[in-house]
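**Q** Here are the chains, one letter per residue:
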Amino acid sequence: MWKFFHKLASPPHFYQFAGKIVPWFAVIAIACIGYGGFAGLFVAPADYQQGDAFRIIYVHVPASYLSMMAYSIMAISAGIGLIWRIKLSHAVAAAAAPLGAWFTFLALATGSIWGKPMWGTWWEWGDPRLTSELLLLFLYIGYMALRASIDDIAKADKASAVLALVGVVNVPIIHFSVEWWSSLHQGPTLVREGGPAMAPDMLYPLLAMILGFTFLFGALLLGRVRTEVLYREYRARWVRELLLGDGGTT
Amino acid sequence: MMEVLAMGGYGNFVWGAYGLTIIVLAVCIVGGPVRHTKAINDVRHRIRAMEAKS
Amino acid sequence: MTDTRPLVPSLWSGFVGIVRRDILLAWKRPGDVLNPLFFFAMVSTLFPLALGPSSEQLGSIGPGVIWVAALLAALLSLNSLFVSDFEDGSLDQLLLSPQPLTVLALGKAIGHWMVSGLPLVVISPLVAISFHMPDQSIKVMAVTLFFGTLSLSLLGSIGAALTVGLHRGTALLSLLILPLAMPVLIFGARTVSLSTSDDAVSAGVYFLAAYCMLALTLAPFATAAALRISNE
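Sequence order for the protein chains is W, C and S.
According to my numbering, the first sequence is numbered sequentially starting from 1.
According to my numbering, the second sequence is numbered sequentially starting from 251.
According to my numbering, the third sequence is numbered sequentially starting from 305.
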């Protein structure tokens, strides 16, 4: 089992392994999102307080969850790359950033669209969760900007790893902000004592969407890491054999 | 059908949010293979250039 | 006569040495200190000029404006934190010295704060008065700026270390530091606002002090790591 992970740290093995896994993740993602989206939009009963507007939850919550998950993955793999000097780990961090930024944008946008009918405003500066999620977007952008400005890949990896780790403090703040400060945002609905506070026929599509988005993110991430690996390892023989076919110099 | 579109009066918001989601996800999903193919071409060039020099 | 000095300089002497050096350098070039201070004062006056002198309005925007001006002034002075050392080779010497780089990084940040943040805290009452802020707010403003500017110097040193030697590092530095600085700004400005309406401010002050302590203990490690990375 350990050997399996150990092998995975080697770029050519990872490249192959990821290539095989991505289609499976995609299939699971399609199935979950298909069910979740359909049920969320058409099957789940309307909320008695929010009416049909609550259906935005089925895209907003998965996006927010993934925006934080992506940052955690980015920070953890950056940290692993920095401490144990595993190049592939840095590639994972680099690949996770743009995806995380997109999901953060989506979370902010869908949240804003949901907020307008529910709270009467597109944005509320005083709200701690909105502010810390916006901060998360800025952290992603800063990370990508730093990477882009350093030419040497190894140096860019390490510098952006320091930045990612410094910013990881924001993730628990976003999550707990609704508990620590008064906020327009509702408190935790899913992960709380006494179990989720949602009716099953509303809950299951949500869980499916969260799962589906996670697998989608996984597929996208693995795909991007493969692309990163090609750029980073272009000097290696396995890349040459893969792309130009074996046999003969050109 | 019209009920579905109206979504109890919140139709613009709900479909707006879902539409935005689809667009963003589509950008990410399509972007992946596009970048990967570009990477393959770029790297092929680089390898050839590298070998032509040596 | 025997020399009884220790063979290897101590942590404390390393730290003090760095702080003294930066203070001496700033003393020799007062412009480095005064420019951000003037910038702070001038940016603060831009708002009354643009928005009109109505007293209540000034009183209500005062905390926010002064805090943003302080943040911008800090960003301005952070740009050059490591640049001159990088250019004349002192940075390499820092990296080679026997003291842990973390201690030296802490020294750089504290030295920077003493030269840019502290003076700002000292002149902040003048700016606050010009905004017609009540007396208790002026005190709270000074206290929040005290912790705030210290946090900014510490957090800013991380960004400065990451961007030293980079082409066009200036804008990038701001981009990197601002997310870290936002909690400081939010709590600092809001706390002062609360004081203008006589609300309790201790929670905000404690938060700022805690954030500052966090930065004080953790930022030097990140700065040291960033310095090593930027310099290889």
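None of these hints come from the bench; they were simulated from the model.
The structure displayed is predicted, hence computed values, not measured ones.
Beta carbons are placed, not taken as given, at the ideal position from N, Cα and C, and that holds for glycine.
A portion of the hints provided could be inaccurate.
[Claimed, not checked] Listed below are several chain S residues computed to face chain W (Cβ distance under 7 Å; list not exhaustive):
no., residue
1, Leu399
2, Leu400
3, Pro423
4, Leu466
5, Gly469
6, Leu470
7, Leu479
8, Leu489
9, Ala526
10, Ala529
11, Ile533
**Q** Does each hint hold? Answer for all of them.
**A** Going down the list of hints, with the structure as the test:
Contact between leucine 399/S and chain W, as hinted, is not supported at the beta carbon level, the nearest pair being about 15 Å apart and thus beyond 7 Å. Annotation: interface hint on leucine 400/S violated; nearest CB of chain W at approximately 19 Å, more than 7 Å. For proline 423/S, the interface hint is violated, since its Cβ never comes within 7 Å of a Cβ in chain W; the closest pair sits about 27 Å apart. With a cut of 7 Å, the hint placing leucine 466/S at the interface with chain W holds, because the nearest CB-to-CB distance is about 5 Å.
For glycine 469/S, the interface hint is violated, since its Cβ never comes within 7 Å of a Cβ in chain W; the closest pair sits about 10 Å apart. Satisfaction of the interface hint for leucine 470/S is found here, the shortest Cβ-Cβ separation to chain W being roughly 5 Å, below the 7 Å cut-off. With a least beta-carbon distance of about 5 Å to chain W, the hint placing leucine 479/S at the interface is held under the 7 Å criterion. Interface hint status for leucine 489/S: violated, as the beta-carbon distance to the closest one in chain W is roughly 11 Å, over 7 Å.
Given hint, alanine 526/S at the interface with chain W, holds; its Cβ is 5 Å from that chain's nearest Cβ, closer than 7 Å. Here the hint on alanine 529/S is kept, as its CB sits about 5 Å from the closest CB of chain W, short of 7 Å. For isoleucine 533/S, the interface hint holds, the least distance from its beta-carbon to any beta-carbon of chain W being 4 Å, beneath 7 Å.
Of the hints listed earlier, those the structure fails to meet are numbers 1, 2, 3, 5 and 8, in rising order.
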